[in-house]
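Chains A and B, in that order, are what the protein sequence lines are. Last residue of the first sequence: 432 (the UniProt record's numbering), numbering continuous. Last residue of the second sequence: 432 (the UniProt record's numbering), numbering continuous.
Hints in this document: simulated from the structure, not taken from any laboratory. Honestly, I wouldn't trust all of these hints.
Any copy will do: because identical chains look the same in the list, a pair fits if it lies in one copy or spans two.
[Said to hold, decoys possible] In silico DSS-like links for lysine-lysine, alpha-carbon gap of 25 Å or less:
1) K2 to K59
2) K28 to K2
3) K364 to K410
4) K378 to K418
5) K341 to K181
6) K418 to K406
7) K346 to K421
8) K258 to K20
9) K356 to K410
10) K171 to K2
11) K240 to K171
12) K20 to K153
13) K340 to K28
14) K364 to K95
The lines below spell out each chain.
There are 2 protein chains.
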Amino acid sequence: MKTISIGLLGLGTVGSGVVKIIERNQDKLIHQIGCPVRIKKILVKNLNKERDVEVPEEKLTLNPADVLDDPEIDVIIEVMGGIDETRAYLLEALKNKKHVVTANKDLMALYGSELLTVATDNQCDLFYEASVAGGIPILRGLVDGLSSDRITKMMGIVNGTTNFILTKMSKNGSAYQDVLKEAQALGYAEADPTADVSGLDAARKMAILSTLGFSMNIDLADVKYEGITGISEEDLVYSKRLGYTMKLIGLSSRDGDKVEVSVQPALLPEHHPLASVNNEYNAVYVYGEAVGETMFYGPGAGSLPTATAVVSDLVSVMKNMRLGVNGRSAVSPQYSKTLKKPSEVKAKFFFRLHVKDEVGVLAKITTLFAEHGVSFDKILQLPMEEEHSSEIVLVTHRATLENFEKIQQKMNDYEIVKEIKSTYRVEGENGK
Amino acid sequence: MKTISIGLLGLGTVGSGVVKIIERNQDKLIHQIGCPVRIKKILVKNLNKERDVEVPEEKLTLNPADVLDDPEIDVIIEVMGGIDETRAYLLEALKNKKHVVTANKDLMALYGSELLTVATDNQCDLFYEASVAGGIPILRGLVDGLSSDRITKMMGIVNGTTNFILTKMSKNGSAYQDVLKEAQALGYAEADPTADVSGLDAARKMAILSTLGFSMNIDLADVKYEGITGISEEDLVYSKRLGYTMKLIGLSSRDGDKVEVSVQPALLPEHHPLASVNNEYNAVYVYGEAVGETMFYGPGAGSLPTATAVVSDLVSVMKNMRLGVNGRSAVSPQYSKTLKKPSEVKAKFFFRLHVKDEVGVLAKITTLFAEHGVSFDKILQLPMEEEHSSEIVLVTHRATLENFEKIQQKMNDYEIVKEIKSTYRVEGENGK
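Next up, chain A with everything else stripped away, as it sits in the complex (with noise of 0.2 Å):
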C-alpha cells in the first residue's frame, strides 16, 4: 500500500490545521482513500517560530525546492498566502506534476484562470474550495450540488471581520471604531484591517463564486466594492426601524447573459436567511431557476474550519489518484461575460438626508425621484436638533442604478438638501 505524500507550503493558522486534521482524522482517510496520508516536507519562514503544532524539525524546510521539486511528493497544499512568488511556486509545482489544493483567495481571484489552465495541462487538480467562506462546502455546492441548476443570484456573507463589526455595531449601538478594536482584540480582524473593511477581501470572493456559478470568467477587475468605514450608528438605527438588517453583501446577479457582480453594505429585510447570520460567520444565498432558494451558512475563517476544507479538497484529489482521472474534472467557463451597465442594475435604495426645514421641501424632493420615474416604499421625516434642519429617510421601488445616480447628482446642487447623509441598496426582498 503507496503512501500518498503532501508537501506544505506554509505553516500558519490554517497549516498548524492542516496537520492537525491529516493526524487526528488519519484513519477516515485511509477508510476513504485506501491508503495513508502523511505531510513529507513543509516550507516556513522561520524554522525556530513557536507553533501551534508539533512538527518534527526534520520536515521543516526553508528552501521551496525541497517542497516543490521532491518526486516523492504527491501533492502540494499552499496555505502561506501572498501573490506573485506564491503563483510562481503553484506553477512550478503543477509543472512537476503536482495536484494543488489552495487556500488563497486573492491569488485564485487573480490568476485562477491561468493556475488551472496549466493544472489542466499538466493533468494535475488544482481545488481551493477554502479560499471562499472557509469550512463551508459553498463551491462543491455551486460545481457539483446544483451542476443541473443555472444560477440567477448569489448573495455572500463571505467576509468574517465586517460581519462581525456590523452584528457588534447593530446590536449594542456601538461606533464602528469601538467595535474595530473589540475585532482586532479577539483576532476578528487584522492589526491593519484594509482588505476586509474595505471590501477588497469580499470581491475577491464573488469573482471566484460568480466565476463558477454563472460560468464565465469573473475577473476582481469586473467586482465594484464599497466597504463598511462609512457606516453610522444612525443608518444602522434607521435601518432597523423600518425592519431591515445592514450586512456587507457580495451580489451577483444575472439576467440572461448580462451580470452584475459587486460588494456594498446593503439593507435585508430582517426576515431574509441572511440577516440572522451573525458575527464571525459567513453564508452564501444561491438563487437557482429550478432550485429556488439555497443557503449555505457556517465559519468563514478559523484554523480547523478552513483546514476542514482544505483536507476535503485532499481527500478529492487523492480519491481521483486512486482512480486515476485527475486534472479532468475541471470545466472551463461555458459563457463570455457582459456586465450590465448603470442603466441594466435595479434595485431598491435607501437614502438620508439633512435638509433645511422649509415648505415643501418633501415636495421638491419626491418630484426629483418622480422626474426620474421612482417611487417610493416607506418615507420618514424628523425634526433634528439643529434648528430649521430636518432629517429625510426614504426607500425607494425598484428602479436603475443610472437613475439613482442622476438624482444624487441633482440633489447636490439643491440648496435645501444641506447633505445626503448615506444611500444603500435594499436587497433580497420578494425572496430573492
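Add chain B to chain A, keeping to what the hints say.
For chain B alone, kept in the frame of chain A given last:
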C-alpha cells in the same frame, strides 16, 4: 458524439421536473459532459393522463421491461416512489449494468445498503441526493464537502409539511387541525398526511443522513420517532414566552462510538440557525469536530427543486461515464453502530404540568427532580381558571433520558399532579 440515454420510472411531480430541466438546460449539460442527454423511455401507470409536461406518446410505456431491459439505456432515474416493486426494478436495472439515480427515501432508508452493494458489484453508480431535503445538496455536503471531518451532531428540519404546519401554528396561534387543512389545500400536505405528521418521513431521512454522516449502517428501525399531532397551542405559547421555537427535529448525535438517532418535536433557542427556517423550507444543521457549525438550507420538496438534485446526480453519473469510473465512488460504512441507551442520552427537558394548587406542591415536584439529580433552568407557575389548579412549566438542565422517564413515571403516581400535559426536549443550546 454518443448520446446518453435515460430511462425514467415515473412521470409525476418530480418526473415532470426532471424532463423540464433536461430539456431547458441541455446546453449546460452538454458543456459539462461533452455529449447530449435524452430521455428515451418513461414508465407510467396511465398513458393518457393529463401531465405538466409534453412528452411524445411513443416515449411512454406501461411495461417496465421497455425501460429496464433496453440495452441502449445507460441510466435509470427512479421517481415513481413505492418500495417493494421499485426495489425489484432497481435491482434488475443494476444487474443490467444501468446506473441509477433515485429520489426515493422510503426505499433508501430500508434497502439502501443492499442496493448500494449491488450497484458496486455491477460497477454501477447509485446516487440519491434528492431523497433527503429535496433541492439541498446535503448528501454531497457530508460525503465530499466534509469528507475530512468527523461529524458529531446533525439536526434536520427535513419534513416540509410539518415545518409548514408548525410555522403557521406558531405565527398565527392556530390549531393543528385547522393548519393541516390549509396545508392540504395548498398542496403542502397529502390527503393522508400520516407519514409526514407522525415523523416517519423525517425518520427515513435521518436514517439516510446518519448512515452517511457517521459512516455507520443506521436502519430505519434504529430511529425512534414521534410526530407533531400532540402539540397544542399552549405548548407553542409557553415555548415562545421562554425564548424557544418549536420544530420537528431529526436528531443524530454521536459521542465516541455511541449514537442516538431520533425524530421529535423539540424546542430550539430563538437564535439558533434552525429556528428561523420557516414554512415549507428544510435545513440540515451539521456539527463537525473540526469545522464546527454549518447549515444547509433550501427547498425540501417541489417539482423543480427536487428535480435539480436528481439531474445533478445524473450529471455526476455522466461525468463518471466519461472518465470510466462508475461504481467506484461509494464508500462503505467505516464503523459498526452502537445505539445509546436511555441512560446515555442527555438532554434538557421542557415539562408542562397541571397540578393541584396546594401548599408544598412545587416543593414536592422540585424534590422529585432533585432526587434524580436534575436541576432547573427555568420555572413558571401560573394560576388556572379551573379552581384549585395551577400550571407549572419548567425547563431542566441536562440530564439523562432514563432519569426523565423515571421522573415521569413517579409523577403519574403523585396525587397532586393532575396531568403531565406535555414534555419536549430542548436542543441546540450552547451552539450545538
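Hints, verified against the model:
no., hint, in the structure
1, K2 to K59, "within (20 Å within a copy, 50 Å between copies)"
2, K28 to K2, "within (17 Å within a copy, 38 Å between copies)"
3, K364 to K410, "within (12 Å within a copy, 75 Å between copies)"
4, K378 to K418, "within (21 Å within a copy, 53 Å between copies)"
5, K341 to K181, "neither (38 Å within a copy, 48 Å between copies)"
6, K418 to K406, "within (17 Å within a copy, 71 Å between copies)"
7, K346 to K421, "within (22 Å within a copy, 53 Å between copies)"
8, K258 to K20, "between (44 Å within a copy, 24 Å between copies)"
9, K356 to K410, "within (16 Å within a copy, 73 Å between copies)"
10, K171 to K2, "neither (54 Å within a copy, 59 Å between copies)"
11, K240 to K171, "both (10 Å within a copy, 21 Å between copies)"
12, K20 to K153, "between (36 Å within a copy, 21 Å between copies)"
13, K340 to K28, "between (47 Å within a copy, 22 Å between copies)"
14, K364 to K95, "neither (65 Å within a copy, 77 Å between copies)"
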